[in-house]
Amino acid sequence: MSQSVMTSGNRPEKGMGKSPAERTEPTGSGLRGFMRSSGGDYLLLAVFAAAILTMPIWLAPIGAGYPDILQKFAIFGIFALGFNILFGFSGYLSFGHAAFLGVGSYAAVWMFKLLSMNAFPALIFAVLVSGVFALLIGFVSLRRSGIYFSILTLAFAQMSYNLAYSVLTPITNGETGLQVNRSDPRILDQLFGGTSMTVPDIFGVQLQGWAGFYFCAVLLILAFFITMRIKNSTFGLMLFAIKANQTRMSFTGFSTRPYLLTAFVISGMYAGLAGGLLAVTDPLAGAERMQWTASGEVVLMTILGGVGTLLGPVIGAAVIKYLEQIFSSFNEGLLHRAFDFLPTAVQDIVVAIVAPFVGEGWQLTLGLMFMIVVIFLPGGIMEGVGRIARRVRRDKPSDDGAASKAGH
Amino acid sequence: MDAIILQILNGLDKGGAYALIALGLTLIFGTLGVVNFAHGALFMLGAFCAVTFERVLTLSERVRDPSVTFFEAYKEVPYLTIWYGDAGQAIVDWAVPLSIILAIPVMLIVGLAMERGLIRFFYKRSHAEQILVTFGLAIVLQEIVKYFFGANPIPLTAPSALTGSVDLGHWLGLTGISYPLWRIVYFLFSLVVIAAVFAFLQLTTFGMVVRAGMADRETVGLLGINISRKFTIVFGIAAVVAGLAGVMYTPILAPNYHLGMDFLVLSFVVVVVGGMGSLGGAVLAGFLLGILQSFASMTEVKAIVPGIDQIIIYLVAVVVLLVRPRGLLGRKGVMEA
Amino acid sequence: MPIDTSAWSRRRILQTSAALGAGLAIPHVFVRNAWSQDKVFCNSPTGSNVVLGFNVPQSGPYADEGADELRAFKLAVQHLNGEGDGGLLKTLKPSSLKGNGILGKKVTFVTGDTQTKSDAARASAKRMIEADKVVMISGGSSSGVAVAVQSLCQDMGVIFMTGLTHSNDTTGKDKRRYGFRHFFNAYMSGVALGPVLAEQYGKDRKAYHLTADYTWGWTQEESMKNATEKEGWKTVQTVRTPLGAGDFSQYLTPVLNSGADVLILNHYGGDMVNSLRQAVNQFDMKNKTVNGKQFEIVVPLISELMAEGAGDAIKGILGTANWDWKLDNEATKTLAKSFGEAYGRPPSQAAQTCYAQTLLYANAVEMAGTFYPPEVIKALEGFEFDGLGNGPTLYRAADHQCFKDVLVVRGKEKPANQFDLLEVVKIVPRETVTYDPSIFGGELGPSEVKGCAA
Numbered sequence: 001m002s003q004s005v006m007t008s009g010n011r012p013e014k015g016m017g018k019s020p021a022e023r024t025e026p027t028g029s030g031l032r033g034f035m036r037s038s039g040g041d042y043l044l045l046a047v048f049a050a051a052i053l054t055m056p057i058w059l060a061p062i063g064a065g066y067p068d069i070l071q072k073f074a075i076f077g078i079f080a081l082g083f084n085i086l087f088g089f090s091g092y093l094s095f096g097h098a099a100f101l102g103v104g105s106y107a108a109v110w111m112f113k114l115l116s117m118n119a120f121p122a123l124i125f126a127v128l129v130s131g132v133f134a135l136l137i138g139f140v141s142l143r144r145s146g147i148y149f150s151i152l153t154l155a156f157a158q159m160s161y162n163l164a165y166s167v168l169t170p171i172t173n174g175e176t177g178l179q180v181n182r183s184d185p186r187i188l189d190q191l192f193g194g195t196s197m198t199v200p201d202i203f204g205v206q207l208q209g210w211a212g213f214y215f216c217a218v219l220l221i222l223a224f225f226i227t228m229r230i231k232n233s234t235f236g237l238m239l240f241a242i243k244a245n246q247t248r249m250s251f252t253g254f255s256t257r258p259y260l261l262t263a264f265v266i267s268g269m270y271a272g273l274a275g276g277l278l279a280v281t282d283p284l285a286g287a288e289r290m291q292w293t294a295s296g297e298v299v300l301m302t303i304l305g306g307v308g309t310l311l312g313p314v315i316g317a318a319v320i321k322y323l324e325q326i327f328s329s330f331n332e333g334l335l336h337r338a339f340d341f342l343p344t345a346v347q348d349i350v351v352a353i354v355a356p357f358v359g360e361g362w363q364l365t366l367g368l369m370f371m372i373v374v375i376f377l378p379g380g381i382m383e384g385v386g387r388i389a390r391r392v393r394r395d396k397p398s399d400d401g402a403a404s405k406a407g408h
Numbered sequence: 001m002d003a004i005i006l007q008i009l010n011g012l013d014k015g016g017a018y019a020l021i022a023l024g025l026t027l028i029f030g031t032l033g034v035v036n037f038a039h040g041a042l043f044m045l046g047a048f049c050a051v052t053f054e055r056v057l058t059l060s061e062r063v064r065d066p067s068v069t070f071f072e073a074y075k076e077v078p079y080l081t082i083w084y085g086d087a088g089q090a091i092v093d094w095a096v097p098l099s100i101i102l103a104i105p106v107m108l109i110v111g112l113a114m115e116r117g118l119i120r121f122f123y124k125r126s127h128a129e130q131i132l133v134t135f136g137l138a139i140v141l142q143e144i145v146k147y148f149f150g151a152n153p154i155p156l157t158a159p160s161a162l163t164g165s166v167d168l169g170h171w172l173g174l175t176g177i178s179y180p181l182w183r184i185v186y187f188l189f190s191l192v193v194i195a196a197v198f199a200f201l202q203l204t205t206f207g208m209v210v211r212a213g214m215a216d217r218e219t220v221g222l223l224g225i226n227i228s229r230k231f232t233i234v235f236g237i238a239a240v241v242a243g244l245a246g247v248m249y250t251p252i253l254a255p256n257y258h259l260g261m262d263f264l265v266l267s268f269v270v271v272v273v274g275g276m277g278s279l280g281g282a283v284l285a286g287f288l289l290g291i292l293q294s295f296a297s298m299t300e301v302k303a304i305v306p307g308i309d310q311i312i313i314y315l316v317a318v319v320v321l322l323v324r325p326r327g328l329l330g331r332k333g334v335m336e337a
Numbered sequence: 001m002p003i004d005t006s007a008w009s010r011r012r013i014l015q016t017s018a019a020l021g022a023g024l025a026i027p028h029v030f031v032r033n034a035w036s037q038d039k040v041f042c043n044s045p046t047g048s049n050v051v052l053g054f055n056v057p058q059s060g061p062y063a064d065e066g067a068d069e070l071r072a073f074k075l076a077v078q079h080l081n082g083e084g085d086g087g088l089l090k091t092l093k094p095s096s097l098k099g100n101g102i103l104g105k106k107v108t109f110v111t112g113d114t115q116t117k118s119d120a121a122r123a124s125a126k127r128m129i130e131a132d133k134v135v136m137i138s139g140g141s142s143s144g145v146a147v148a149v150q151s152l153c154q155d156m157g158v159i160f161m162t163g164l165t166h167s168n169d170t171t172g173k174d175k176r177r178y179g180f181r182h183f184f185n186a187y188m189s190g191v192a193l194g195p196v197l198a199e200q201y202g203k204d205r206k207a208y209h210l211t212a213d214y215t216w217g218w219t220q221e222e223s224m225k226n227a228t229e230k231e232g233w234k235t236v237q238t239v240r241t242p243l244g245a246g247d248f249s250q251y252l253t254p255v256l257n258s259g260a261d262v263l264i265l266n267h268y269g270g271d272m273v274n275s276l277r278q279a280v281n282q283f284d285m286k287n288k289t290v291n292g293k294q295f296e297i298v299v300p301l302i303s304e305l306m307a308e309g310a311g312d313a314i315k316g317i318l319g320t321a322n323w324d325w326k327l328d329n330e331a332t333k334t335l336a337k338s339f340g341e342a343y344g345r346p347p348s349q350a351a352q353t354c355y356a357q358t359l360l361y362a363n364a365v366e367m368a369g370t371f372y373p374p375e376v377i378k379a380l381e382g383f384e385f386d387g388l389g390n391g392p393t394l395y396r397a398a399d400h401q402c403f404k405d406v407l408v409v410r411g412k413e414k415p416a417n418q419f420d421l422l423e424v425v426k427i428v429p430r431e432t433v434t435y436d437p438s439i440f441g442g443e444l445g446p447s448e449v450k451g452c453a454a
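Residue numbers (the numbering used here), protein chains in the order written: chain A, 1 to 408; chain D, 1 to 337; chain B, 1 to 454.
Some hints here could point you the wrong way.
What the hints assert, rightly or not - Stretches of chain A that chain D covers, calculated by requiring three or more beta carbons in the stretch to come under 8 angstroms of a beta carbon on chain D: (1) 136-147; (2) 292-305.
Said to hold, decoys possible - List of simulated lysine-lysine pairs, BS3-like, C-alpha gap at most 27 angstroms: (3) 333/B x 146/D; (4) 302/D x 234/B; (5) 450/B x 113/A; (6) 113/A x 173/B; (7) 333/B x 90/B.
As the list claims (entries may be wrong) - Covered stretches of chain D (in silico footprint by chain A; criterion: 3 or more residues with CB under 8 angstroms from a CB of chain A, positions within the stretch not fixed): (8) 8-20; (9) 53-64; (10) 269-276; (11) 291-301.
To be clear, the hints were calculated from the coordinates, so they are not data collected in a lab. Quick caveat, the model's predicted, so the values are computed rather than measured. Virtual Cβ for every residue (Gly too), placed ideally from N, Cα, C.
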């Protein structure tokens with residue numbers, strides 16, 4: 001790894017993530033860079049871990065304190081974290097990441113069917129398969145950049161989706177989705193006189209409900225830790241440098257492709273892990289997971305939360321899943337109950353105004369939110385939090401300070 | 001032989017729609033540098049202009065319906081029929097083509113409003129942000145349409161004189177080639193609109209400035225020409241073209257609120273295959289992909305490569321992007337990497 | 001109830017901290033005794049209310065169908081609680097319903113959006129089970145969703161009364177002990193429609209199938225193929241079309257030159273609206289003559305909303321339906337009146353099946369005298385009833401499929417009003433469409449399940 005690269009790499013002047021402090025940190029060799037850490041990072045990690053693990057308590061008042069939605073927060077948090085490694089760090093916008101999520105799910109369910117209901121082989125296989133899949137697609141797609149890269153990834157993902165839905169039905173079970181059956185072979189489980197249970201477990205602990213959530217949460221914290229390390233590493237700096245100015249990187253006689261491909265594969269593996277976890281908490285894999293709108297969703301999560309930031313994608317993922325699950329379940333009866341402190345006439349008017357935005361209209365709220373965030377807060381929710389934090393404490397304008405605030 | 005000719009015909013009307021949407025998309029990209037994910041929504045809005053126009057023409061008096069006995073039901077008799085009898089009925093019959101009258105001003109206003117109110121703030125922002133904000137807008141637009149028109153597809157019919165099919169084989173001396181009349185009309189209509197857009201850009205001073213702006217925006221700006229005013233109008237034109245494509249497509253495809261999303265990805269692929277910012281490329285790629293898609297759906301082809309009709313469009317996009325990244329007719333150096 | 005306006009209610013703190021504790025102390029929780037001994041089960045209703053979950057498509061192409069299902073659910077809940085005109089509570093025989101809720105508990109409900117996607121539907125169902133504590137889930141407008149939610153409900157130990165799902169798999173190879181289907185299926189459509197087709201169009205016909213390329217489409221195609229070939233028809237070609245293709249012209253053009261004289265459209269929803277309209281209005285197929293015979297089009301599964309979307313194209317098209325609001329029986333008239341007065345339109349067949357399912361569940365609970373699912377399942381299995389609009393009906397124990405008359409319908413040539421789109425050509429008796437449950441395989445699974453842990 002040449003020194004000249006680093007000197008050109010550590011002066012990024014623009015980018016979508018608004019100048020995270022880490023970016024300008026000094027250089028180090030690859031391994032040392034990865035191992036290096038600062039007290040602030042560990043503090044952030046600790047706060048993050050605490051926030052995630054206590055989600056059942058502090059999210060309960062807004063109706064999100066039940067296992068399934070918290071599992072989704074954690075799983076899509078991992079998905080968005082991984083996506084951010086590619087898009088947020090290197091600026092390459094993939095519009096086909098849902099394909100890796102879907103492949104991960106299928107791989108995990110096949111492991112459940114063939115090998116064992118234990119979650120570990122399934123997750124390892126899911127990560128490996130999507131890694132290989134990402135390697136193939138990344139190798140081809142990274143021959144182009146900019147919007148062409150986006151279209152290439154989109155094309156691959158759509159092909160995967162269309163085929164999974166129809167021709168590949170023997171592998172994917174098409175529309176109905178791949179499910180675990182009692183009659184599946186499950187070689188390992190048979191060998192060890194296993195059960196006929198069809199619920200994934202880790203050594204006897206069934207990964208549903210709260211156990212499922214804590215399993216996902218631990219993996220999310222792990223994924224967060226790794227992302228943090230990647231961001232602070234030489235490799236992370238390289239990606240930011242590519243985002244800042246790829247042409248200059250090339251002019252220094254340096255090949256950016258291997259770095260991009262690594263980032264692509266890593267983020268594909270994150271997606272595979274997320275897909276695997278979806279299958280672990282709910283052993284069914286459907287093709288819709290791979291549709292382009294699903295790929296769009298992770299882009300939205302990342303941008304909504306804050307591109308290039310560490311916490312942003314996780315927050316964005318939670319916000320979107322919350323809208324999809326909770327807002328869509330509001331109906332007029334619930335609204336009337338929520339506003340019953342108002343006089344009846346006012347109550348009717350308020351409900352009439354709010355009703356189009358919830359229940360059937362939850363997507364309207366979603367669309368409006370994207371527009372508002374992108375127009376007024378290009379750095380996403382993290383930028384908003386940062387602005388507030390700066391206003392409150394003008395002396396400490398770093399993103400880390402803002403980030404740890406957001407964790408509470 | 002007849003099968004091949006029929007599939008080419010299929011490709012032509014499909015391609016007409018693709019070309020019209022992609023034309024506006026590439027025009028916006030070429031001039032403004034904006035990736036407009038709300039373009040499919042403009043196509044959808046055009047279709048709903050036709051729906052609205054038809055609804056207005058068939059504004060009806062509610063009369064108690066004696067044929068329903070279980071509960072109080074009403075049926076509707078259009079005022080036009082009440083007032084003008086057969087002539088009124090004929091106007092209703094021609095509702096779809098007539099709704100162009102409504103669609104042109106409406107889509108122009110929508111386009112101008114979109115550019116002035118939203119898009120112009122995004123010229124300097126990244127493609128990702130442009131995609132996000134226009135995608136958000138697309139969702140908002142389609143949800144508004146859903147709020148008023150519901151989610152079910154709404155049937156609109158072509159004028160009865162233009163429904164049914166004609167025997168084209170008669171002219172060619174072949175048998176078994178009959179093709180829907182309205183689709184031929186649609187193909188011709190798309191040619192007319194494409195020709196009009198090209199003529200406008202080639203023959204008018206305005207068009208000259210726009211083309212110059214597409215080639216080198218800065219220089220044109222330095223010459224003291226207010227290019228952004230011109231580009232606003234370009235956006236309006238692109239919206240009208242997409243809207244017209246939507247209006248005339250309604251008899252082929254019963255419109256529903258997410259019609260735009262169905263066409264969005266496809267039209268981007270068309271633009272990329274044709275070459276980003278290349279008008280001719282968009283048209284050529286539109287027709288080419290339409291025809292390829294038709295051929296891929298033939299049973300004979302599917303027997304060789306199963307599922308090919310599901311992926312052909314994307315396959316072509318991948319191949320074109322890898323082999324000739326600037327697209328079929330794209331200029332060298334534009335978005336090439 | 002998802003939002004708590006009083007922010008931190010005491011109960012919620014207790015609940016969540018208990019949940020958190022439960023999660024942290026994993027091994028302790030998971031060596032729990034069997035549920036059934038003390039009849040503690042998933043979401044056993046404790047207060048004076050019982051919550052039902054209605055999981056319908058609110059966005060996506062079937063949103064209107066979902067809206068109609070929701071109307072029916074609301075009406076059913078009203079009637080169960082003794083509000084409104086009582087609806088079919090009066091006509092259901094035998095009935096244990098009292099019009100005072102279910103087992104004296106007032107019925108409340110929560111809603112959710114399936115988006116017609118398996119993932120979203122399961123997430124929504126899980127929310128209902130985990131957060132809203134429902135004892136029963138109903139709804140849905142596609143077979144993929146039905147199968148996905150059904151297997152979830154089996155794992156969670158919550159009864160699932162399917163809405164509109166027509167695939168053989170729902171009560172065939174993917175059947176579950178906790179899933180019950182009132183709607184008919186593709187096999188019955190074929191058996192009912194085959195003889196009518198032969199009678200109307202003759203025995204010497206050549207059919208061309210266009211089939212939506214996913215599981216429902218395939219079972220539909222297979223059922224229609226078997227049924228028509230039994231009548232002596234030949235199948236010229238079966239072509240798969242991508243779901244949501246929109247423009248079907250490239251699949252329609254070869255039809256007229258293929259030698260076929262009947263086109264069978266195994267499409268549903270938007271696909272059916274578009275392919276039928278394109279075949280009739282544009283390719284003018286109904287006015288063509290092939291092999292010296294009038295060319296015909298058949299749509300095996302017709303729904304009112306699709307008929308509305310297809311407009312004039314539906315006229316004269318034969319197909320099957322589960323139910324029609326114009327049927328001449330007391331229950332149908334009662335429901336049409338009750339629904340029509342509430343919403344200004346007659347119920348669609350999707351609405352009727354959802355209404356019936358809600359009442360059937362409530363009735364089974366009353367019969368069992370408990371919400372405990374294995375007992376409710378026993379009450380539903382083999383339940384023979386009448387008075388929900390479909391005539392005498394049996395909930396078969398072997399596969400949880402309802403057996404009742406199937407309607408062969410035709411798009412009306414001269415509709416008397418905007419709701420009068422279909423006419424009933426023939427009522428095919430229940431005996432004719434009854435089949436051996438073993439032909440589709442699958443197994444129901446246990447009725448005692450560990451259920452939702454929490």
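> So which hints don't hold here, by number, going up?
Replying inline: Violated: hints 3, 8, 9 and 11.
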